[in-house]
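All chains should be built: construct the whole structure from the sequences, respecting the hints.
Protein chains in written order, with our numbering: chain A, 1 to 356; chain B, 1 to 356.
Hints should not be assumed to be uniformly reliable.
Same chains, same label: a pair holds when it works inside one copy or across any pair of copies.
What the hints assert, rightly or not - Below, computed lysine to any residue pairings styled on SDA-like, alpha-carbon distance capped at 20 Å: (1) Lys-328 to Gly-68; (2) Lys-27 to Ile-237; (3) Lys-29 to Leu-344; (4) Lys-27 to Asp-283; (5) Lys-348 to Glu-31; (6) Lys-145 to Glu-31; (7) Lys-240 to Val-291; (8) Lys-168 to Asn-24; (9) Lys-4 to Leu-279; (10) Lys-145 to Val-32; (11) Lys-29 to Ala-294; (12) Lys-145 to Arg-165; (13) Lys-289 to Asn-253; (14) Lys-168 to Glu-26; (15) Lys-348 to Val-32; (16) Lys-348 to Thr-169; (17) Lys-264 to Met-295.
If you are wondering where the hints come from, they were derived from the structure by calculation, not from laboratory data.
There are 2 protein chains.
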Amino acid sequence: MRLKLALLGFGVVGQGLVDHLIHNSEKAKVEVGFDPIVVAISDFRKGSIYDPNGLNLKLVLETLEETGSLDTYPGSNELVRGLDAIATIIESNADAVVEATYTNVKTGEPAITHCKTAFEHKKSVVMTNKGPIALALKELEQLAKENSVFLGYEGTVMSGTPALRLPKTTLIGNNITKISGILNGTTNYMITQMETGKSYEAALKEAQEKGYAEADPTSDVEGYDAMYKVVILANAIMGKHITVDQVECRGLNTLSREAIVAAKANQRCWKMLGTVEELPNGDIRASVKPVEVAMDHPLASIGGATNAVTYTCNMSGEITLTGAGAGKSETGFALLIDLIYCHLHVQKQANMTLMN
Amino acid sequence: MRLKLALLGFGVVGQGLVDHLIHNSEKAKVEVGFDPIVVAISDFRKGSIYDPNGLNLKLVLETLEETGSLDTYPGSNELVRGLDAIATIIESNADAVVEATYTNVKTGEPAITHCKTAFEHKKSVVMTNKGPIALALKELEQLAKENSVFLGYEGTVMSGTPALRLPKTTLIGNNITKISGILNGTTNYMITQMETGKSYEAALKEAQEKGYAEADPTSDVEGYDAMYKVVILANAIMGKHITVDQVECRGLNTLSREAIVAAKANQRCWKMLGTVEELPNGDIRASVKPVEVAMDHPLASIGGATNAVTYTCNMSGEITLTGAGAGKSETGFALLIDLIYCHLHVQKQANMTLMN
Chain A
1 MRLKLALLGF
11 GVVGQGLVDH
21 LIHNSEKAKV
31 EVGFDPIVVA
41 ISDFRKGSIY
51 DPNGLNLKLV
61 LETLEETGSL
71 DTYPGSNELV
81 RGLDAIATII
91 ESNADAVVEA
101 TYTNVKTGEP
111 AITHCKTAFE
121 HKKSVVMTNK
131 GPIALALKEL
141 EQLAKENSVF
151 LGYEGTVMSG
161 TPALRLPKTT
171 LIGNNITKIS
181 GILNGTTNYM
191 ITQMETGKSY
201 EAALKEAQEK
211 GYAEADPTSD
221 VEGYDAMYKV
231 VILANAIMGK
241 HITVDQVECR
251 GLNTLSREAI
261 VAAKANQRCW
271 KMLGTVEELP
281 NGDIRASVKP
291 VEVAMDHPLA
301 SIGGATNAVT
311 YTCNMSGEIT
321 LTGAGAGKSE
331 TGFALLIDLI
341 YCHLHVQKQA
351 NMTLMN
Chain B
1 MRLKLALLGF
11 GVVGQGLVDH
21 LIHNSEKAKV
31 EVGFDPIVVA
41 ISDFRKGSIY
51 DPNGLNLKLV
61 LETLEETGSL
71 DTYPGSNELV
81 RGLDAIATII
91 ESNADAVVEA
101 TYTNVKTGEP
111 AITHCKTAFE
121 HKKSVVMTNK
131 GPIALALKEL
141 EQLAKENSVF
151 LGYEGTVMSG
161 TPALRLPKTT
171 LIGNNITKIS
181 GILNGTTNYM
191 ITQMETGKSY
201 EAALKEAQEK
211 GYAEADPTSD
221 VEGYDAMYKV
231 VILANAIMGK
241 HITVDQVECR
251 GLNTLSREAI
261 VAAKANQRCW
271 KMLGTVEELP
281 NGDIRASVKP
291 VEVAMDHPLA
301 SIGGATNAVT
311 YTCNMSGEIT
321 LTGAGAGKSE
331 TGFALLIDLI
341 YCHLHVQKQA
351 NMTLMN
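Right, here's the structure in full:
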C-alpha cells in the first residue's frame, strides 16, 4: 500500500521534502518499500490542491515557480481546490499529514490543533515545528498512541542530523544523564565571527546576509530557539517532563566581544550551550547560556553554523553527533526519514490487524 | 519469551557484557521487554559451563575473580561442564550466540565457523570480531537470512559508538558517497603525543602503558586494524563488495615526527584516516593512511584515543559521529544493543509465525 500524504504549509521545508520525493526516493523504495504519493497540499498563501489519486509533484513545483501559486495547477476531474488545513486533514484520503505551517512557537498553534485533528481522524503526523513538541509532546504522543497512528518530529532538533533518532534507536538501554549541545547555528556562527574581532552587530549582520539569522533575530540571539530544543531533548530522550519556563536562559547578547577575544587568547572559547542534566539527587537542571570551555571540550571545535550534541551515557560513554542544524535539503530529509518510519509503522499495524 | 544466550570466549568483552546484564539491563527491560538469560559460557582457557535454566551471573564473575576459572562454578543438577564452542552452539538450548573468541583476523577463524554452525542450527549471532565481518559479511548475512536468524556486529567498528547502526537506522534513504574516519584510537593517541614533540617510539610506549596499544602494535600502527573497519563500512553501509586487498594501506610508521610538528606549526595536522569513497565514475577507492588536514576539517579536533567518522550524505549533508573506539563498558554495550535488536527480531519472527 502506498502511503498517501497531505502537506500543510508549502514553504522551504515542504518544498525540500518534495524535492527529495522527486529526485532522491529510489533508495528508500528499494530498501524498505517506501513509495508514497502526495494527494494534497494546502498553504495559507499559495493555495490548496487535492487530488485523491495523487498530485504530479514535478508539475506542482513548475507551477509554483512560474506563477508563485498553486491555484494555476492544471485540474483533473477529481481535483479539489481551496480546502484549508483542517478540511484537508479531515476530508482528504491522506494517511499522514506533513505539518509545516507557519506556527507560533509560544502557543504551538495552529500546529497543535492540526496534530490533534489528524490523530482523531486516524492520520499520522510528521513535523519540524518545535513549538508543539516542546509544549505538548506527552499529550500528543498519548493521542497518537490511542489512535494507533505515528508521530514523527526528527526535524525539531538539528534538522536532518538525527539528534532524536540516534539515541532512540542506537543507544537503547543506556541511562543518558546529560545532553549538551550547540543547538543554534546562528549564534555559533556569530561567536566564530566575533572571535576574529568583529563586533556583535557586525557578526549579526553577516549572519543575516548569509541567511542564518532571521530579520528579527530575537529567537536565536536571546536563546529561545535553543531553549525549545533543550525541552524536547529532555522530554523525548531523557523521559522527563520539563517545561520551557524551567530552562535558565541567557542570550548571546549578554556576552561581550572582549570576553570572547580574551578566552581565545587563553586557548579557550565561548559556546552557546543548551544543556539538560540529571543531578545525583534526581533533580533536572536545564539551561541555555554562553559557557566558556577548554579547547579539548568535545564541542569546542564546532565552528560556523554547524550544530553538535553530546549524550553522556552510562554504558557507551560520551557520544557526540555533529551536522547541519538547518537547510532546505537537510530539513526535507528530516521529514522524509520520519515518513519512512511512518510507512514502517503503518505496515506493522497492517500485519497486526491480519493477526487478529 | 526470554532470549537464551551462549557466550563463546569470556575475556574483557564478554565480561563487559555480563557486567551490563547484571547492573544496567533494567531500562531495556522496561522499554523493549529485553530480559535475557545466559545459559552457557565456553572459554578455551577459563573453562565451560552450561545450565539450560540459566547461570547465576554474579556467581560466575565472583567465581572467576576468586579462582581465575569457571571450573569451580558450583554445579546444579543440570549443569554440564566442558562443552567446547561448537558443542555449546549445537547442544545448548541457546537462541543466540555471543561470539567473542580469540580469532585470527586474517582467516576469521574460528569465528566464521562458529557463525555458520550457529546459523545452520537456527541460532542468532552477535559479535565484535572484525575479521569474519570484513572477510565474509555477504555470505554470513545470506546464511542468517536463509535461516531467519539475526546477525549483529555493531562492535566491529568503534565499539559501542554506533558507527554502523547510526547510518542504517537514522540515515535510511540517503546515498552515502563517502565515509572517512579516525578508526584506530592507538594511532590517533600517538599522533596527539607526537604533536607535543615526542618521538614515535616514546608515543608508542606511552600508548602501550595506557593500555591502548597491544604488546605487538603491528595491527594498529601499520593500519591493518583500520583497514578491516574500512572494508566493513564499505560493504555494510555503502552496499559495496570490496575486499581487504583493495584498501591502500600506509601505516603511521611511514610518517615522520618532523612532518607532524611542521603541520602543527602551519595550523594543520595529520590524522590516520580510513576512507572509502565512491567516485563519479562508480569506482570505489578505499585507503588507510596518514593525511594532512586543515584545522577546520571535521576530524581535525579529534584528539587522544577517541574515534570519529564522517558520512557524506546526498540529503542530510555531512554527519559526524564521535565517541570511544574501545573499552570494556563500550564494547560490552555494542554486544548489548545487538542483543536488544536480536530480541526484537525474534519477537517479530514469532509474530509472523502466528500470522501464518
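* Within, between, both or neither: Lys-168, Asn-24 at alpha-carbon 20 Å -> between (25 Å within a copy, 17 Å between copies)
* To do: Up to 20 Å between alpha-carbons, please classify Lys-4 paired with Leu-279: within, between, both or neither.
  => Neither, since 45 Å and 36 Å both go past 20 Å.
* 20 Å Cα cut-off: does Lys-168 pair with Glu-26 within a copy, between copies, both or neither? -> For Lys-168 and Glu-26, only the inter-copy Cα distance (16 Å) is at most 20 Å; the intra-copy one is 26 Å.
* Identical-chain pair category, Lys-145 with Glu-31, by Cα at 20 Å -> between (27 Å within a copy, 15 Å between copies)
* Can you give me the call for Lys-29 and Leu-344, within, between, both or neither, at a CA distance of at most 20 Å? => Only inside one copy: Lys-29 and Leu-344 sit 12 Å apart there, 23 Å across copies, limit 20 Å.
* Asked: Between the shortest in-copy and the shortest cross-copy C-alpha distance, which are at most 20 Å for Lys-348 and Val-32: within, between, both, or neither?
  -> both (12 Å within a copy, 16 Å between copies)
* To do: Have a look at Lys-348 and Thr-169 and pick one of within, between, both or neither, based on CA distance no larger than 20 Å.
  => both (17 Å within a copy, 17 Å between copies)
* At 20 Å max between alpha carbons, let me know whether Lys-289 reaches Asn-253 within a copy, between copies, both or neither. => For Lys-289 and Asn-253, only the intra-copy Cα distance (10 Å) is at most 20 Å; the inter-copy one is 44 Å.
* What label fits Lys-27 with Ile-237 when the C-alpha limit is 20 Å: within, between, both, or neither? -> Between copies, since 13 Å is at most 20 Å while 28 Å is not.
* Taking 20 Å as the upper bound on the Cα-Cα distance, should Lys-240 and Val-291 be classified as within, between, both, or neither? -> neither (24 Å within a copy, 44 Å between copies)
* Given a CA cutoff of 20 Å, do Lys-145 and Arg-165 count as a within-copy pair, a between-copy pair, both, or neither? -> This pair counts as within: shortest intra-copy Cα distance 18 Å, inter-copy 26 Å.
* Pop the pair Lys-328 and Gly-68 into one bin, within, between, both or neither, using alpha-carbon distances up to 20 Å. => Within one copy only: 18 Å inside a chain, 59 Å across chains, cut-off 20 Å.
The structure fails hints 7, 9, 11 (numbered hints given earlier, in ascending order).
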